[in-house]
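Student: One letter stands for each residue in the lines below.
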Amino acid sequence: MASLQEPWLLENGNLKGCSKEIRHGRTAHNMSSSSLRKKSDLTLVSKVRFVMLRQFLTNLQEVILGTKLSVLFPAIPLAIAAECYGFGRPWIFALSLLGLTPLAERVSFLTEQIAYYTGATVGGLLNATCGNATELIIAIFALSQNKIDVVKYSLLGSVLSNLLLVLGTSLFCGGIANLRREQKYDRRQADVNSLLLLLALLCHSLPLLFRMSGASAALTADPTLQLSRASSIVMLIAYISYLVFQLFTHRQLFEAQEESEDGDGISEEEPVIGFWSGFIWLVGMTAVISLLSEYVVETIEDASDSWGISVSFISIILLPIVGNAAEHAGAIIFAFKNKLDISLGVALGSATQISMFVVPLCIVVAWIMGIKMDLNFNLLETGSLALSIIAVAFTLQDGTSHYMKGLVLLLLYIVIGACFFVSKMPLSNGGIDTIVGV
Amino acid sequence: MESAGDLSYMENGESNKSLMGKETCNNNGGVIRTAQNRSSSFMRKKSDPMLVSTVRFQMLRQFLANLQQVILGTKLAVFFPAIPLAIAADCYEFGRPWIFALSLLGLTPLAERVSFLTEQIAYYTGPAVGGLLNATCGNATELIIALFALYQNKIHVLKYSLMGSVLSNLLLVLGTSLLCGGLANLKKEQRYDRKQADVNSGLLLLGLLCHMLPLMFRYAAQSSGISIAKSTLELSRASSVVMLAAYIGYIIFQLKTHRQVFDAQEDGEDEDEEKAVIGFWSGFSWLVGMTLVIALLSEYVVGTVEAASETWGISISFISIILIPIVGNAAEHAGAIIFAFKNKLDISLGVALGSATQISMFAVPLCVVVGWIMRIPMDLDFSLLETGCLALTILVVAFTLQDGTSHYMKGVVLCLCYIAISVCFFVHKVPAPLDQTIVNSELNSA
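Respectively, the protein sequence lines represent chains A and B.
For the first sequence, full-length UniProt numbering begins at 1 and goes up steadily by one.
For the second sequence, full-length UniProt numbering begins at 1 and goes up steadily by one.
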């Protein structure tokens, strides 16, 4: 029985090491998605005889069942079956979307586990690049299938969802739950993120204004492309300096608040799976994410046709909700506990990452692949982005919060959603006309 | 030798040691040392009167000391030979791009010297007039270039260069100051008084509104088919009067009622020469002379900008928006960076924001009014791309400065904004309608 207990102790990480939270790069992302974890109950596994099998099953249980979202895992084999047996294409779309939800959360969990082994800096970097793995993979697949509009819409929708939906619901729920208490957060972190988002807005607006002010479309197409590519390099430089700022020189601004609570199992100081097993799981899950993303991108027009919703609405509203579900839930939970710094870190950090890293990266990848993707996201989308960024920057600039702020941001999101719901404009390149006769 | 010593004593202001005590306990505002004065004072160097004191005749000696103080009193004096070269190039018909480049180089030290002379004259005229002088002449180079462009009916060059000056001050000068200051003071907290930044942001937003109204008016009227050229002009002229009124209000605010918001930080360093180093009339005549030379070089610049653009293959908008303002602002720029290194952000902000406010609320409406008098149809409609850049710039800067602290990331973002805007105008090779006619006439006359 003793040998039975030991691996259990080590795996579950009940040993409270010295407070290495900061050294393990527990950014806001990590802490927020950790609220969706649940402690594995190892009594069933500990009955199995052989040590190797027991370890493997423990590992499996930790990774597959270690989240409340694992109820959605059966959607993955169902999606693959639907693809092989030729079920309706909208079904493939819906099942793939459902299957992506828990996968995104597991990737974040695995990244955090690996970060325990690699140290704080690399861990933070890993999180900064892989934090939005789902959005990045969907975007690259859409790019390879030359569906540039889907790429633009889905990335834009991700930024809007983070800025308005996640932030709005967090502030709203946090405000309602803490009606009597004062809610403060460190505004310097919000200021840096807002500033970077304004730079992104400038880089998006310049090609749009260029197009609108210039002569014919043929004359301005090439300069717009060159301008977009140069702006992408500028944005990547800004993102790299932001990482240097966040991880090296001004880390005190971004440290997640210390956990003073006990026993809700969040501050597990030790990793629960080994480095190599974590790495293998990560590679495997990324492969499954790629497969499901490919299904999503292929079947998006068919789903739009049969459900009667425009492709822009699906890309801007539905896809990001799925991709962000785990972080969203975590941000709300932390707002309930009046830890707004973490909620803000999740929402703003994600938005900054997508607009300053994923979007320019897609343009550079398109440049390499010879696809003409530029930063011109068209008037309606750029206008919504501009107003959202201005609204959020203004909301967050004073360092306190109440439920009214959350309500306003939520209502902004609903209005923008309604706008894209009724806008049934056809895609300009690579897409099928989605105007549906009513 | 004694008289020589006396002279150099008085000229160099070394007697300030005894007078300094009197000055400071009288009133701090004995001399208006605005941020601009202090920042360009870094470009000065103390004249060494040894060589001059060997000359015999007193009059000659005074004259040479004066000359040395004015011509050689700056580190930028190395650019002065460009002036005769530019004049020679024009007379002997060197390539026109050469005239352009040499005139640009020659303007750099002249702009700094005019600021120095204005400060010297301010010692004699008292603080109020001195402050006014500085407020109007602080951007003398940009103003003179603009008036010449107006006179030669190159309205797009005028609009581009003024707008480029605002952008350069707001993004390049401010961005590099915040970046260098942040990197040099990584461990220290960097604060500045946000009230000054707030007032300037407010005025810039007013300027932005006055620019956007004719633009939106033009777009709205285009769709309904009414002919709006005359109404846009009237709207622009009325807005210019409004902007000038706002600027006068700002001057009263800055120099009379709320001076404590704008006083440059006191420093314990020994660079406050409380006395003027040249006489009033000599300063005045130098000022008139230098302004004439600036006018001459500006005429060369405006006259040859198309030829330079053709030869170098760069669009006129890029030259006017990016290159010309960098030259015009070089001295203030270097000063602002140096003060940021010393963690005196109030002065850097005063330089950058004050210049931007001055150009957008004084130089631009003044040009519209002068165009009104000269019957040239100059309006405030700077076309969509430029107004959009201006709007986003003012938004970013207002947001950056509204919390009163700074770190290098703010400087990085502002500099990268400037780079993105420069790239935008670099690829913007659409010729303006007025451009084409003037290029044709130039080619015909050449």
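Be aware that a few hints might be false.
Computed list of lysine to any residue pairs in SDA-like fashion (alpha-carbon distance at most 25 Å, straight line) [stated by the list, open to error]:
#1 B:342 to A:184
#2 A:372 to B:230
#3 B:342 to A:251
#4 B:187 to A:244
#5 A:184 to B:256
#6 B:230 to B:370
#7 B:342 to B:221
#8 B:429 to B:212
#9 B:187 to A:237
#10 B:342 to A:386
#11 B:187 to A:341
#12 B:342 to A:372
#13 A:184 to B:405
#14 B:342 to A:404
#15 B:429 to A:219
#16 B:187 to A:386
#17 A:184 to B:212
#18 B:188 to A:223
#19 A:184 to B:190
#20 A:337 to A:221
#21 A:372 to A:180
#22 B:188 to A:386
#23 B:342 to A:219
#24 B:187 to B:202
#25 B:230 to B:342
#26 B:429 to A:382
#27 B:429 to A:245
#28 B:429 to A:337
#29 B:187 to A:364
#30 B:429 to A:249
#31 B:195 to A:188
#32 A:424 to A:386
These are calculated hints, taken from the structure and not from any lab test.
Student: Now, for every hint given, state plainly whether the structure supports it.
Tutor: Cross-check of the supplied hints:
1. B:342 to A:184: violated (33 Å)
2. A:372 to B:230: violated (42 Å)
3. B:342 to A:251: holds (24 Å)
4. B:187 to A:244: With a Cα-Cα distance of about 15 Å, the restraint between residue 187 of chain B and residue 244 of chain A holds, given a limit of 25 Å.
5. A:184 to B:256: Measuring from Cα to Cα gives roughly 39 Å; hence the hint is violated.
6. B:230 to B:370: holds (17 Å)
7. B:342 to B:221: violated (52 Å)
8. B:429 to B:212: holds (23 Å)
9. B:187 to A:237: Holds - the C-alpha atoms of residue 237 of chain A and residue 187 of chain B are around 23 Å apart, at most 25 Å.
10. B:342 to A:386: violated (36 Å)
11. B:187 to A:341: holds (23 Å)
12. B:342 to A:372: violated (47 Å)
13. A:184 to B:405: Holds. Residue 184 of chain A to residue 405 of chain B sits at ~19 Å (cutoff 25 Å).
14. B:342 to A:404: violated (43 Å)
15. B:429 to A:219: holds (10 Å)
16. B:187 to A:386: violated (34 Å)
17. A:184 to B:212: Roughly 37 Å separates the two Cα atoms, so the pair is violated.
18. B:188 to A:223: violated (43 Å)
19. A:184 to B:190: holds (23 Å)
20. A:337 to A:221: violated (50 Å)
21. A:372 to A:180: violated (54 Å)
22. B:188 to A:386: Not satisfied, since the Cα-Cα distance of roughly 34 Å exceeds 25 Å.
23. B:342 to A:219: Distance ~48 Å between residue 342 of chain B and residue 219 of chain A Cα, so the pair is violated.
24. B:187 to B:202: Between residue 187 of chain B and residue 202 of chain B the Cα gap is close to 32 Å, so the pair fails against 25 Å, i.e. violated.
25. B:230 to B:342: violated (51 Å)
26. B:429 to A:382: holds (24 Å)
27. B:429 to A:245: violated (37 Å)
28. B:429 to A:337: violated (56 Å)
29. B:187 to A:364: Not OK: residue 187 of chain B and residue 364 of chain A at ~36 Å, beyond 25 Å, violated.
30. B:429 to A:249: Cα-Cα ~41 Å, so violated.
31. B:195 to A:188: holds (19 Å)
32. A:424 to A:386: With Cα atoms ~21 Å apart, residue 424 of chain A and residue 386 of chain A stay inside 25 Å; holds.
The structure fails to meet hints 1, 2, 5, 7, 10, 12, 14, 16, 17, 18, 20, 21, 22, 23, 24, 25, 27, 28, 29, 30 from the earlier list, while all remaining hints are met.
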